[in-house]
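The primary structure of each chain is shown beneath.
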Amino acid sequence: SQQGEEDPQALSIQEGENATMNCSYKTSINNLQWYRQNSGRGLVHLILIRSNEREKHSGRLRVTLDTSKKSSSLLITASRAADTASYFCATSLTGGGNKLTFGTGTQLKVEL
Amino acid sequence: EPEVTQTPSHQVTQMGQEVILRCVPISNHLYFYWYRQILGQKVEFLVSFYNNEISEKSEIFDDQFSVERPDGSNFTLKIRSTKLEDSAMYFCASPKQGRAEAFFGQGTRLTVV
Numbered sequence: 001s002q003q004g005e006e007d008p009q010a011l012s013i014q015e016g017e018n019a020t021m022n023c024s025y026k027t028s029i030n031n032l033q034w035y036r037q038n039s040g041r042g043l044v045h046l047i048l049i050r051s052n053e054r055e056k057h058s059g060r061l062r063v064t065l066d067t068s069k070k071s072s073s074l075l076i077t078a079s080r081a082a083d084t085a086s087y088f089c090a091t092s093l094t095g096g097g098n099k100l101t102f103g104t105g106t107q108l109k110v111e112l
Numbered sequence: 001e002p003e004v005t006q007t008p009s010h011q012v013t014q015m016g017q018e019v020i021l022r023c024v025p026i027s028n029h030l031y032f033y034w035y036r037q038i039l040g041q042k043v044e045f046l047v048s049f050y051n052n053e054i055s056e057k058s059e060i061f062d063d064q065f066s067v068e069r070p071d072g073s074n075f076t077l078k079i080r081s082t083k084l085e086d087s088a089m090y091f092c093a094s095p096k097q098g099r100a101e102a103f104f105g106q107g108t109r110l111t112v113v
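In the order they appear, the protein sequences are chains A and B.
Quick note: the first sequence uses the numbering used here, first residue 1, plus one each step.
Quick note: the second sequence uses the numbering used here, first residue 1, plus one each step.
Next up, chain A with everything else stripped away, as it sits in the complex (with noise of 0.2 angstroms):
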């Protein structure tokens, strides 16, 4: 079973917009984070949220977390066509040390 599925793969909007993306996992977990991708290259860390967390912001940054739904959220608000990237969700499992396990990835497009 997928410990990071998230959805939508792929999400398109016009500049200016909000962004959600969704992540579900399956196990216990210590905490979520949330990383961006630009194509082909690495990885940036966005924000953590602990397990006892429901919501933290970083700028135009929202996220929650759900354990009893096993899932989170990722808002970015009034989007940029810089924020055009991949968004992948990574979750720290409980007795896993800091191993993350990182969900299947939203494509965002953010059209002028």
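Everything labelled a hint here was simulated from the structure, so no lab data went into it.
Treat the numbers as computed from the prediction; the structure is a model and nothing was measured.
We treat Cβ as the ideally placed atom computed from N, Cα and C, and that holds for glycine.
Treat the hints with care, as some may be off.
DSS-like mimics (lysine-lysine), calculated; alpha carbons at most 27 angstroms apart, straight line [what the hints assert, rightly or not]:
1) B:K96 <-> A:K56
2) B:K42 <-> B:K96
3) B:K57 <-> A:K26
4) A:K70 <-> B:K57
5) B:K96 <-> B:K57
6) B:K83 <-> B:K42
7) B:K78 <-> B:K42
8) A:K56 <-> A:K69
9) B:K57 <-> B:K78
10) A:K26 <-> A:K56
11) A:K56 <-> A:K109
12) A:K70 <-> A:K56
13) B:K57 <-> B:K42
14) B:K96 <-> B:K78
15) A:K69 <-> A:K26
16) A:K109 <-> B:K42
17) B:K57 <-> B:K83
18) A:K56 <-> B:K42
19) B:K42 <-> A:K26
20) A:K70 <-> A:K26
21) B:K42 <-> A:K70
22) A:K69 <-> B:K42
Distance ranges between label pairs, derived from CB positions [said to hold, decoys possible]:
23) B:S9 <-> A:K109: 34 to 44 angstroms
24) A:V44 <-> B:T76: 22 to 32 angstroms
25) A:N52 <-> B:M15: 46 to 56 angstroms
26) B:I26 <-> A:A82: 17 to 27 angstroms
Given chain A's structure and the hints, the job is docking chain B onto it.
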């Protein structure tokens, strides 16, 4: 912003050849990881390395793979006899001790022909 540096950025190799991918992790970090991403797929964990030994490895990390920290700074991933299906981006990552966030290198794109 701390940096994890990987070399080379792109390597093309013949099937059956050995390759060594190099990473310079952030100094004073103790945990190091290798991940790979086959084109269009998700990032997969390969191996974690702590205190100069493997702490965990995935099913992907079979006998063809090995990791070393030969000189106390560089961290290498060796694939002994490459296969076509080893073609992927390989990422080195290094979380700060006590922190969960990982700093990833820019990756090495390995193409096996």
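Name the hints, by number, that the structure is in violation of.
23
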